[in-house]
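Knowing the structure of chain A, use the given hints to seat chain B on it.
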Amino acid sequence: MKPIVLDIKGLSKQFSLSAKGAGKGHAQVISDLNLSVNEAEVCTILGSNGAGKTTLFNLINGFTRADSGSIRFFDSAGEGHELTGLSTPHIARLGINRMLQGISVFGHLSMIDNLQMARPVLASRHSWLERMKPGFYRAEKRQAAEKLFVQAEQFFDQFSICLAANQHKIAGTLSTAEQRLLSLCMMVVSPASLLLLDEPCSGLHTDQLGMIAKALEELKRHQKSILLIEHNLAFVEATSDTCHYLEGGHIRLSGSGNEVVRHYKTEQGC
Amino acid sequence: MEYVIHIGIVLGLYMILVASAQLVIGHARLISLGQGAFFGTGAYVTALCMLNLGWSFFPALLTAVVLNAVIGLLLALPAVRLKGDYFVLTTLGFQFIIFQLTVNLDRLTGGPAGLGGIPSPSTPQFLPISQSGYLFVVTLILVIIAFTALFLLQKSRFGRNLKALCDHELLYEISGRSPIKLRAQVIAVSAATTALASAVYAVYMSYLAPGAFNLDQSIFILTGVMLGGLSRLRQAVVGALVIVLFPELMRAMGLPATYGPSMNQVFFGLVLLVLVSFTVVKRFQSNERRNQ
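Chains as they are written, first to last, in our numbering: chain A, 1 to 270; chain B, 1 to 292.
Derived by calculation from the structure, the hints in this document are not laboratory data. Treat the hints with care, as some may be off.
In silico lysine to aspartate or glutamate, EDC-like type, Cα no more than 20 angstroms apart, as pairs [what the hints assert, rightly or not]:
| # | chain 1 | residue 1 | chain 2 | residue 2 |
| --- | --- | --- | --- | --- |
| 1 | B | K163 | A | D113 |
| 2 | B | K155 | A | D113 |
| 3 | B | K155 | A | E140 |
So that you can see chain A by itself, here it is in the shape it has in the complex (with noise of 0.2 angstroms):
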């Protein structure tokens, strides 16, 4: 048995709505949910639209604040952090980084420097003896961006793009699919451990998908749980560990992949 990265206990979220004249009401878009991700596992979300999958994603990255329940992370030390009222930074900062649905670069910064970004700020182990040291900063720097440039440079090689050649090109620039892989590249050199990846092959041409499925067998192969988002059933079938479908705000039914998408395509009658 695999040890636990994300323990989602109870948890509820309303909504309240406003808007002219819908009157005075409450959307309940997450109730009592329970759900939990295993270490270095591909765990999928199904739902149709309105399910709260998207919601579920907002509040364990904190865009959003749950009204009840908890949600414990385990980082990859293995301490448990209650993640429910903590701030997106702080959270991301424990180590869960996100991919948003769409575009999910920084459109007017360079590829290399989009790698940079999904790197967080120096934590360095060294004395503040070894840190006075003139030129230790730079050394430091230097040698992250190296190991930076190594790991990135592997990912990009499985799918024949060279780094190398590339790294100045401005992220807005290239296709959806490269796009795409550099945010899943974003997530393979981030210190991460918990990747929340929402709808990573909408928008692609059938024949990238396996592309992306060879990118998550990658990230899973660096110790990354993924907690994953996805309709394309196919997709869903061949990549993920354990699935869960959600439905009106809470898990419905869940299982292997191959179980829960044979009972979602009865359920659709599809």
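Chain B alone, transformed into the frame defined by chain A:
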């Protein structure tokens, strides 16, 4: 010759002011109407240090820079949590608070009558130049310092982070950095570099009155930023050139005093209107749309 030096000094001051404002308005995409107030606080701090404490110019200048950074952080405290129109209103409020303080703290600032008799820094013996010539050299050095600092800042990690923040705020937060902190730093830095110009202004004019640091001044600086451009330092130079030299040009044309100065306002008003509605707004809008 004296006239050329005068224009040189004023130009230098506005280059610093516009470049500092450009950091906030152009790079951090925060429309600030409080730049004139920062200009004022810096000038008053310099003047008070020299008059009441008897300090010489350079320690007073340093104090003004540090204190302005602190005042910048104080403004940032409420302001950086707000965006768009709300941020503008906060800086506008700050502008009015500083203006009212300079008018009403008359024990300290001389009130509406102003603060006079600010001594000019003495010219070193070995320099065979006039008083204003020396001030021109000081201005030049400060312009170089301010521009180098701003340039290095933009090339550094700070500049990259700023670019990333304007690009995609949510993604910036996801990367584990706090947008609030960065915006506060930007405002503090901008206030600090503004103080460089304020200090020279105080000793060059040798007299300070609240009227020089009101909303008009802020809008004047804003016009300079919009005219030049939002992203590069050399655009700040262009902006400063236009806003300083255009009124001089109008004066040289010999328009009657009854409507000469108001022609400047008409010109700058039109320029601001055209720029804002056709070019600048688009850039701000495209950013906001992406961030949603």
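Hints versus structure:
For the given pair, K163(B) sits about 10 angstroms from D113(A) by alpha-carbon distance, which is consistent with the 20 angstroms threshold. Distance hint between K155(B) and D113(A) is fulfilled; the C-alpha atoms sit about 12 angstroms from each other, no more than 20 angstroms. Among the hinted pairs, K155(B) with E140(A) is consistent with the structure: their alpha-carbon atoms are about 19 angstroms apart, no more than 20 angstroms.
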